[in-house]
Each structure stands twice: as structure tokens, then as C-alpha cells.
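J.: Spelled out from the first residue to the last, the chains are:
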Amino acid sequence: MIRFEAMVNGEQLIAEIEPHEALTEVLRRCGLYGTKRGCESGDCGTCAVLVDGTLVASCTLLAVQANGHEITTIEGLARGREPSAVQQAYIDTGAVQCGFCTPGMVMATHALLSRNPDPTEADARQALAGHLCRCTGYIKPIDAVMAAAALVRAEKEAAGE
Amino acid sequence: MYLDLEDYKRPATVEQCIDLLGGKGSSAIAGGTYLNVRDHERVARLVDLQALPLRGIERVGDAVKVGALVTLSELVDAAGELGPGLGALVEAARGERNLCTRNRSTVGGRLGRRRGDARVATALAALDAKLELLAADGTRTHVGVTEYLTAAAAPHLVLGVSLRADTRASRYASFAPTVMESPVADAALAIAADGTWRLASGGHGPHGRGVVVLAKASALAGDAHADDWRARFDAAALDELPSFADDRGSAEYRRDLSVTLAARLVAAASNGATPSGGAR
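Top to bottom, those sequences are chains A and B. Just so we're aligned: 141 in my numbering is position 141 of the first sequence, and the numbers increase by one with no gaps anywhere. Just so we're aligned: 73 in my numbering is position 73 of the second sequence, and the numbers increase by one with no gaps anywhere.
These aren't lab readings, by the way, just hints derived from the structure by calculation. Using N, Cα and C, we set each Cβ at its ideal position, and we do this for glycine too. Don't take each hint at face value.
Claimed, not checked - Label pairs and their in silico Cβ distance ranges: (1) A/Glu11 - B/Gly144: 55 to 61 Å; (2) A/Gln126 - B/Asn271: 23 to 29 Å; (3) A/Asp118 - B/Asp166: 32 to 38 Å; (4) A/Gln126 - B/Arg209: 32 to 38 Å; (5) B/Pro155 - A/Ala159: 53 to 59 Å; (6) B/Val37 - A/Gly31: 25 to 31 Å; (7) A/Glu161 - B/Gly83: 16 to 22 Å; (8) B/Ser243 - A/Asp92: 54 to 60 Å; (9) B/Ala12 - A/Gly10: 37 to 43 Å; (10) A/Asp52 - B/Ala12: 16 to 22 Å.
Unchecked claim - Stretches of chain A that chain B covers, calculated by requiring three or more beta carbons in the stretch to come under 8 Å of a beta carbon on chain B: (11) 44–56; (12) 78–85.
Stated by the list, open to error - Residues from chain A that face chain B, not an exhaustive set, calculated with beta carbons under 10 Å: (13) Glu18; (14) Ser41; (15) Val64; (16) Gly104; (17) Asn116; (18) Ala129.
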């Protein structure tokens with residue numbers, strides 16, 4: 001067993017892990033069920049989390065590789081019990097159907113807007129490429145990215161940033 | 001899944017790393033996008049490279065050095081710094097699967113698996129890149145890409161790649177049925193400072209022999225405006241291409257696709273068209 005210590009959603013997470021365990025498994029074992037287990041080969045995007053601010057597939061990353069790093073999961077985006085602007089945009093645009101792909105898409109949207117607060121629709125499509133959805137047909141998630149960008153910009157303007 | 005994995009190490013120096021890699025069942029891991037999905041069943045010890053000082057892209061004299069741990073996303077982000085001369089490398093990195101993969105997959109990792117379907121390997125072969133290797137006995141050597149890909153496996157560490165900074169232009173094109181697949185075939189073209197053209201073709205098998213430099217076709221590339229050029233070019237390229245078939249394409253299809261991609265790159269470069277990633 002290996003001692004796993006990382007900042008997860010701003011709090012220290014300590015766990016005993018096996019070296020072969022994927023980060024997805026460890027996060028879920030620690031109660032962070034928002035990160036979904038999908039293809040387990042990095043193809044579907046539903047397990048996406050941020051490691052040191054970079055979007056990664058947690059199914060193809062061993063937890064030991066993430067040891068000592070800063071991890072953000074879908075649970076870390078909400079502000080208390082209030083959804084983040086990105087999460088709210090997904091709700092407002094009806095971009096959530098079964099919800100299985102949604103955490104990965106929300107994390108991808110968050111990562112995009114962190115780097116590019118004013119994305120084009122092409123940027124949005126590029127950001128969601130590799131996040132598979134069998135329900136929405138991708139139209140509403142693209143709308144959600146654009147709506148999220150507008151919401152985030154409005155929040156920043158209101159905050160005087 | 002990993003069946004035999006018992007040990008995980010994260011060495012801080014390349015010397016410690018190469019010692020650890022000498023043990024039976026040891027395997028290096030960089031981003032993990034390949035090893036954590038396949039070919040890991042009998043790995044007993046993982047040697048994680050993340051703490052090694054092998055990051056960064058820097059200009060050293062007339063060379064651009066790319067550290068083995070530079071990710072494909074970092075290559076894409078460095079497009080302006082690398083310039084049109086090394087554009088083929090940027091386009092090859094940009095074409096690799098999805099952002100999650102590009103954020104983790106490293107240049108050294110893509111080369112270290114010695115596969116013929118790693119897009120950056122084809123681009124680096126055309127760019128006549130030299131790999132810097134550290135052998136188990138501490139010896140550092142520089143080898144060409146195709147030489148490395150086809151060499152007998154021995155414990156070593158890829159430290160980085162060195163490219164000519166004065167490369168005039170380079171381009172990359174590939175075809176895969178979906179963006180998530182490795183290319184059925186790809187091609188890259190580089191034009192050196194002295195005007196020499198160099199073509200490489202990849203996708204001809206999962207092994208290192210799947211990337212080849214098309215020397216005869218390259219020699220004809222600068223003559224693309226001649227009337228019979230395409231026939232001569234096709235004949236030369238076909239003479240050099242391997243025959244590899246799998247469930248995604250027959251050898252005949254793959255060879256024809258490879259020649260078409262290469263000819264398009266030459267035609268575009270001859271016409272001075274804007275470099276493009278071509279088909280995906």
C-alpha cells in the first residue's frame with residue numbers, strides 16, 4: 001500500500017492506495033462520485049478532472065502519479081450548495097439529459113474558460129471533442145459552453161475584475 | 001489491468017532513474033496515456049519520470065531542444081515559438097486524440113513505445129530530429145528517429161529531441177477514421193535550410209518499422225512542376241513504403257493513401273500554400 005496525499009477540492013485528502021489504482025477509483029472510493037467511470041481508456045471524457053489546473057482523464061492516470069498534486073473534481077466547482085456559473089449554464093440550456101457525460105463536459109468547459117474567457121463556437125466544439133454523449137447530440141452542450149462564457153464574463157464584470 | 005505491479009518509484013535524477021529501469025519487470029511511465037491502458041500486465045515496477053528535469057523547449061545555438069517530458073499540448077501552445085519550420089511537429093501533436101490525452105502524453109512517451117503510429121514520430125523523422133538517449137551504463141548518445149524506432153530494446157531513457165532551428169518549412173498530414181484513432185497513415189515533409197526536402201511516412205504497423213523516411217521520393221519532391229512528376233514520385237514512394245495490412249486497411253490501400261498524403265504535402269509546399277494539418 002502507498003500513502004496518497006493530495007489537495008482535492010481545496011482540502012487535504014489522505015488515503016491508502018494500491019499502486020495500480022486509477023485516480024478515478026480512488027476519488028470515488030473517497031466519496032467523490034461525480035467523477036464517472038466510463039471507457040477506462042481515455043476515450044470518453046466522463047472521468048475528466050483537473051490536476052494542477054490541467055484537464056486530464058483520471059481513468060488513465062494512476063492515483064500514485066497524482067500523489068502530491070492539486071486535484072479539482074466536479075464537486076470542487078460548486079460554491080457551497082450553489083452551482084458554479086458553468087454548472088448553471090448546463091442547467092439553463094438543458095444540456096443535461098442522463099447526466100453521465102456531464103461532469104466531464106463541465107470540467108472541460110471550466111478548463112476552457114480558465115484559458116479563454118471569450119471562446120468562439122469552434123473553440124467550444126474543440127474543447128468538448130473527446131467528451132462522448134449519447135443523449136444530447138452535442139448541440140445543447142455547445143450552447144452551454146457559450147452561455148457559461150457569458151455568465152462568467154458577467155460575474156467578472158459585476159465583481160469589477 | 002496491472003497484474004504484477006508491486007512497486008512505484010519517482011526518482012529525482014536521470015541517474016537514479018536509469019538504475020531503477022535496469023530491474024526485471026521495470027517500466028518507465030511518463031503521462032501514462034498508453035501504458036495505463038495497454039501492455040502493462042507484466043510490469044512489476046513503475047518508474048515515474050515526472051520529477052526529472054526533462055521539461056521545456058529551448059533554443060540552443062542553431063538547435064531547438066525539446067525535453068522528453070514536454071506534453072503534446074505544450075508543443076501546440078509553443079507553435080509561435082517553434083515557427084513554421086517546425087510546424088509539422090505542432091500539427092502532429094494537435095492531431096493526437098483529445099485534449100485530456102494531449103495534456104498528459106509526452107514527446108518521450110510517444111517515441112519510447114517504439115510504435116509506428118505515433119504521429120509525432122513521423123513528424124520528427126521528416127525533421128531529421130536527433131534523440132538524446134541515456135543508456136544503462138551512463139553513456140549519452142544521439143540517434144535518428146527511425147534508427148531509434150527499429151533498434152533492439154535495451155534499458156535506456158529518452159532525454160529529449162534536438163531539431164534544426166533553421167528548418168525552412170514543414171508540414172504534416174494524416175488520415176484516421178475518427179479523431180480518437182491512431183492514423184491509418186500519415187506523412188510529414190520538411191524543407192531544410194539548404195533546400196533539401198525530406199519526407200517521412202508512418203502508420204505502417206504498430207512496431208517501429210512503421211515509420212520510414214522516403215529518401216527516393218524526397219529527392220524528386222523539389223521537381224513537382226514537371227509533367228511526369230506524379231508518376232515518378234508515386235513509383236519512387238511505393239518502392240520504399242512497407243506493406244502492412246490490418247483491419248483498418250489493406251496494404252495496397254495504406255500504401256496508396258500514404259503516397260497521396262505525401263504528394264499533397266509536396267504539392268502544397270511547391271505552391272507555397274499555408275501549412276495545414278490536412279485530413280484527420
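J.: Each hint: holds or not?
T.: Consistency of the hints with the structure:
Look at A/Glu11 against B/Gly144: about 49 Å separates their beta carbons, and that is not inside 55 to 61 Å. As the Cβ distance of A/Gln126 to B/Asn271 is approximately 28 Å, the hint placing it in 23 to 29 Å holds. Between A/Asp118 and B/Asp166 the CB atoms are about 36 Å apart, so this pair conforms to the stated range of 32 to 38 Å. The given range of 32 to 38 Å is respected by A/Gln126 and B/Arg209, whose C-beta atoms sit roughly 34 Å from each other.
Between B/Pro155 and A/Ala159 the beta carbons are some 54 Å apart, a value that agrees with the proposed interval 53 to 59 Å. Between B/Val37 and A/Gly31 the beta carbons are some 26 Å apart, a value that agrees with the proposed interval 25 to 31 Å. For A/Glu161 paired with B/Gly83, a C-beta distance near 34 Å fails the hint of 16 to 22 Å. For the hinted restraint 54 to 60 Å between B/Ser243 and A/Asp92, the CB-CB distance of approximately 55 Å keeps it satisfied.
With their beta carbons about 28 Å apart, B/Ala12 and A/Gly10 fall outside the hinted range of 37 to 43 Å. For A/Asp52 and B/Ala12, the Cβ-Cβ distance of about 18 Å falls inside the hinted range of 16 to 22 Å, so the restraint holds. With 5 residues carrying a beta carbon less than 8 Å from a beta carbon of chain B, the region 44–56 of chain A meets the three-residue requirement, and the given coverage holds. Figure legend: the region 78–85 of chain A, annotated as covered by chain B; annotation inconsistent (0 residues with Cβ-Cβ distances under 8 Å, at least 3 required).
Using the Cβ-Cβ criterion of 10 Å, the hint placing A/Glu18 at the interface with chain B is satisfied: the shortest such distance is roughly 8 Å. Taking 10 Å as the C-beta contact cut-off toward chain B, the hint placing A/Ser41 at the interface holds, the least distance being around 5 Å. Residue-level restraint check for A/Val64 holds (minimum Cβ-Cβ distance to chain B is 5 Å; threshold 10 Å). For A/Gly104, the interface hint holds, since its Cβ comes within 10 Å of a Cβ in chain B; the closest pair sits about 9 Å apart.
A distance limit of 10 Å between C-beta atoms decides the matter here; for A/Asn116 the minimum to chain B is near 12 Å, and the interface restraint is violated. A hinted interface residue such as A/Ala129 counts as satisfied when its beta carbon comes closer than 10 Å to some beta carbon of chain B; here the least separation is about 6 Å, so the hint holds.
Hints 1, 7, 9, 12 and 17 from the earlier list are contradicted by this structure; the remaining hints agree with it.
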